[in-house]
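K.L.:
Given the sequences, and given the hints that come with them, work out the whole structure.
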Amino acid sequence: MHTIPLVATVLLISFTLQTLWLLRRAKATPVAKQTVPEHKPLPISVLIPSYNEGKVLGATVNAVMRSKGVCIAQVICIDNGSTDDTQDVVLALQRQYGEVIHYVAEASGGKASALNHGLSLVSSAAYAGIDADTQILPDTLHNLAQAFSIPGTDAVSGHLIAGGSVSGEGLVYVGQMLEYAATNNVARRALAPLHLLLVIPGSIGLFSTQAVRGIGGYSESTLAEDRDLTLELLFAGHRLEHAPDAWALTEVPDTLHSLFKQRVRWSTGKFQIMLKHRKRLFGGSNRNRTIVLYGFINDLLIPLTCLPVSLVLLLYGFIGLASPNCSLWPGIYLTAVLANILAGYAYTHWAWRVEVAGRTARGLNSPSADFRAGWLIDLIEYLAAWCGMCRALSKHSHTWGKLNRRADVALPLDTTSSQHPADISDTKQ
Numbered sequence: 000m001h002t003i004p005l006v007a008t009v010l011l012i013s014f015t016l017q018t019l020w021l022l023r024r025a026k027a028t029p030v031a032k033q034t035v036p037e038h039k040p041l042p043i044s045v046l047i048p049s050y051n052e053g054k055v056l057g058a059t060v061n062a063v064m065r066s067k068g069v070c071i072a073q074v075i076c077i078d079n080g081s082t083d084d085t086q087d088v089v090l091a092l093q094r095q096y097g098e099v100i101h102y103v104a105e106a107s108g109g110k111a112s113a114l115n116h117g118l119s120l121v122s123s124a125a126y127a128g129i130d131a132d133t134q135i136l137p138d139t140l141h142n143l144a145q146a147f148s149i150p151g152t153d154a155v156s157g158h159l160i161a162g163g164s165v166s167g168e169g170l171v172y173v174g175q176m177l178e179y180a181a182t183n184n185v186a187r188r189a190l191a192p193l194h195l196l197l198v199i200p201g202s203i204g205l206f207s208t209q210a211v212r213g214i215g216g217y218s219e220s221t222l223a224e225d226r227d228l229t230l231e232l233l234f235a236g237h238r239l240e241h242a243p244d245a246w247a248l249t250e251v252p253d254t255l256h257s258l259f260k261q262r263v264r265w266s267t268g269k270f271q272i273m274l275k276h277r278k279r280l281f282g283g284s285n286r287n288r289t290i291v292l293y294g295f296i297n298d299l300l301i302p303l304t305c306l307p308v309s310l311v312l313l314l315y316g317f318i319g320l321a322s323p324n325c326s327l328w329p330g331i332y333l334t335a336v337l338a339n340i341l342a343g344y345a346y347t348h349w350a351w352r353v354e355v356a357g358r359t360a361r362g363l364n365s366p367s368a369d370f371r372a373g374w375l376i377d378l379i380e381y382l383a384a385w386c387g388m389c390r391a392l393s394k395h396s397h398t399w400g401k402l403n404r405r406a407d408v409a410l411p412l413d414t415t416s417s418q419h420p421a422d423i424s425d426t427k428q
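First residue of the sequence shown? That's 0 in numbering that gives the first Met the number 0, and the numbers climb one at a time after it.
Don't read these hints as lab results, they were simulated from the structure. Don't take every hint at face value.
Said to hold, decoys possible - Taking lysine-lysine pairs in the DSS-like style, the calculated list, with each CA pair at most 27 Å apart, reads:
| # | residue 1 | residue 2 |
| --- | --- | --- |
| 1 | Lys260 | Lys394 |
| 2 | Lys275 | Lys394 |
| 3 | Lys394 | Lys278 |
| 4 | Lys401 | Lys54 |
| 5 | Lys275 | Lys260 |
| 6 | Lys54 | Lys39 |
| 7 | Lys401 | Lys260 |
| 8 | Lys67 | Lys26 |
| 9 | Lys260 | Lys54 |
| 10 | Lys401 | Lys278 |
P.N.:
Okay, here's the thing in C-alpha cells:
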C-alpha cells in the first residue's frame with residue numbers, strides 16, 4: 000500500500016461523509032413557514048448596484064415594485080460608471096414610480112464601492128440587496144421580512160435560482176440549475192440552524208442597516224463582497240437566517256467561457272477572504288475558528304483536491320486490479336470513488352425533487368434535469384479554483400468581471416400582471 004492513495008482515500012471518504020451528513024441534516028430540517036406574528040409592513044430600502052445594466056435593470060425594479068406585504072422606503076440604483084443607457088432607464092423608472100426611485104452616479108470603483116455608497120443613503124432599519132440581473136416574486140421581500148422578524152436576526156438569505164431559458168450550451172444552464180437547487184435545498188437548509196451560513200448572496204438578501212454599518216459596510220479588498228460581509232456579520236456575533244420561500248431568479252452564464260469567467264472571479268474572492276481571515280484559525284473564539292475552518296474545507300480544500308484525488312484513486316485502483324499480485328486495496332480505492340459519485344447523485348437528486356415542487360407551486364417551469372451536467376460544473380469549479388488561487392496570491396487588482404446580459408429571466412405571468420403594487424413608505428430610520 001502506498002501513502003498517496005491512502006491519503007487520497009481518507010480525503011475522499013471525508014468529502015463523501017460530509018455530503019451525506021448535509022443531506023441527512025437537510026432532510027431532518029423541516030421547512031415550515033415562519034409563524035412570527037404579523038405586524039405592520041416592514042419598511043425596506045432596496046440597493047441595486049449597476050454597471051452597464053440598462054438591458055435588465057428595468058425589469059428588476061418593476062419586480063421590486065410589485066412586492067406585497069412590505070413598504071418600499073427607497074429603491075436606490077447605484078450607477079457605478081456605466082457607459083450604456085442605465086441612467087436613462089432609471090430616469091424612466093422615476094417618472095413611472097416617483098421619488099421612491101433614487102439614482103446615484105459614481106465613478107467606477109467596483110461593486111462593493113457601489114453598495115457602500117448606497118448603504119450611506121439608506122433611510123430604513125432594514126435594506127435588501129438585489130443584483131440588477133435578478134428578479135423577485137411578489138412575496139419574496141415579505142418572506143424575507145418574516146424571517147427577519149425573528150428576535151435577534153440581523154440578516155436573511157433568500158432562495159436564489161437559475162432564471163432564464165435553456166440557451167447556448169444547454170448543459171451549462173442545467174448544471175447551474177441543479178447546483179443552485181442543491182445549495183438552497185441542502186446546504187443552506189442544513190447549515191443555517193448551525194450558524195454556518197457562510198454567504199448571503201448579493202443577489203437576494205435582507206440586512207439590518209445598523210448591523211452592516213456597525214461592521215464597516217462592505218469590504219472593497221475582495222471580489223466576494225457578499226461572502227466577506229456574511230463572515231464579518233458572523234464574526235461579530237450576529238444571527239443569520241435562511242428564508243427558503245423567498246425566491247429570486249437570477250440570470251446565469253449560458254456558455255462555458257462566461258461560466259468559467261464567473262467562477263474564476265468567485266474563486267478568487269473566496270481565496271482572498273481565506274487569506275484575509277486566516278489568522279482567525281489560530282486565535283479568537285471557538286465559534287469563529289469553526290466558521291473559518293469550515294470555509295477553508297469547503298471553499299479551498301474540496302474544490303482544489305476532490306477531482307485529482309478521485310483520479311489518483313481510479314489510477315491506482317485499475318492498475319492494482321491489473322496486477323498479478325492484486326490485493327484488497329484497489330477495490331477499496333474504486334469503492335471510495337463510486338461512493339462519492341453516488342452520494343453526490345443522491346444529494347443533487349433529492350435537492351432537485353424539492354426544487355421542482357417549489358417551482359411548480361410558483362408557476363415556474365422545471366426543465367429536464369440531466370445529472371451529468373453536474374460533472375461539468377464540478378470540472379469548471381476545479382479549474383476555476385486553481386486559477387482563482389493563483390490570482391488571489393498574485394494580488395493584482397480586479398474589476399467587476401462583467402458578463403454580457405441576455406435579459407431572458409421571465410417571471411410567471413400571474414406575477415408580472417399583479418394588481419397589488421408595493422406600498423410606498425416615507426418612513427425614516
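K.L.:
Indicate, hint by hint, whether the structure satisfies it.
P.N.:
Results for each hint:
At roughly 18 Å between alpha-carbon atoms, Lys260 and Lys394 fall within 27 Å of each other, so this suggested pair holds. Between Lys275 and Lys394, the direct Cα distance comes to roughly 12 Å. Compliance with the 27 Å bound is thereby established for this hinted pair. Restraint check for Lys394 and Lys278: satisfied, since their Cα atoms lie roughly 18 Å apart, inside the 27 Å limit. For the proposed pair Lys401 and Lys54, the alpha carbon gap of about 13 Å is at most 27 Å, so the pair holds.
Of the pairs offered as hints, the one joining Lys275 and Lys260 holds, with about 23 Å between alpha carbons and a cut-off of 27 Å not exceeded. For a cut-off of 27 Å, the pair hint linking Lys54 to Lys39 is broken: about 35 Å separates their Cα positions. A distance of roughly 9 Å separates the Cα atoms of Lys401 and Lys260; the hinted pair therefore holds under the 27 Å criterion. Proximity of Lys67 to Lys26 is assessed by CA-CA distance (about 30 Å); at most 27 Å being required, the pair is judged violated.
Restraint check: the Cα-Cα separation between Lys260 and Lys54 comes to about 20 Å, which is no more than 27 Å; the hinted pair holds. With a C-alpha separation of about 32 Å, the suggested pairing of Lys401 with Lys278 is violated against the 27 Å cut-off.
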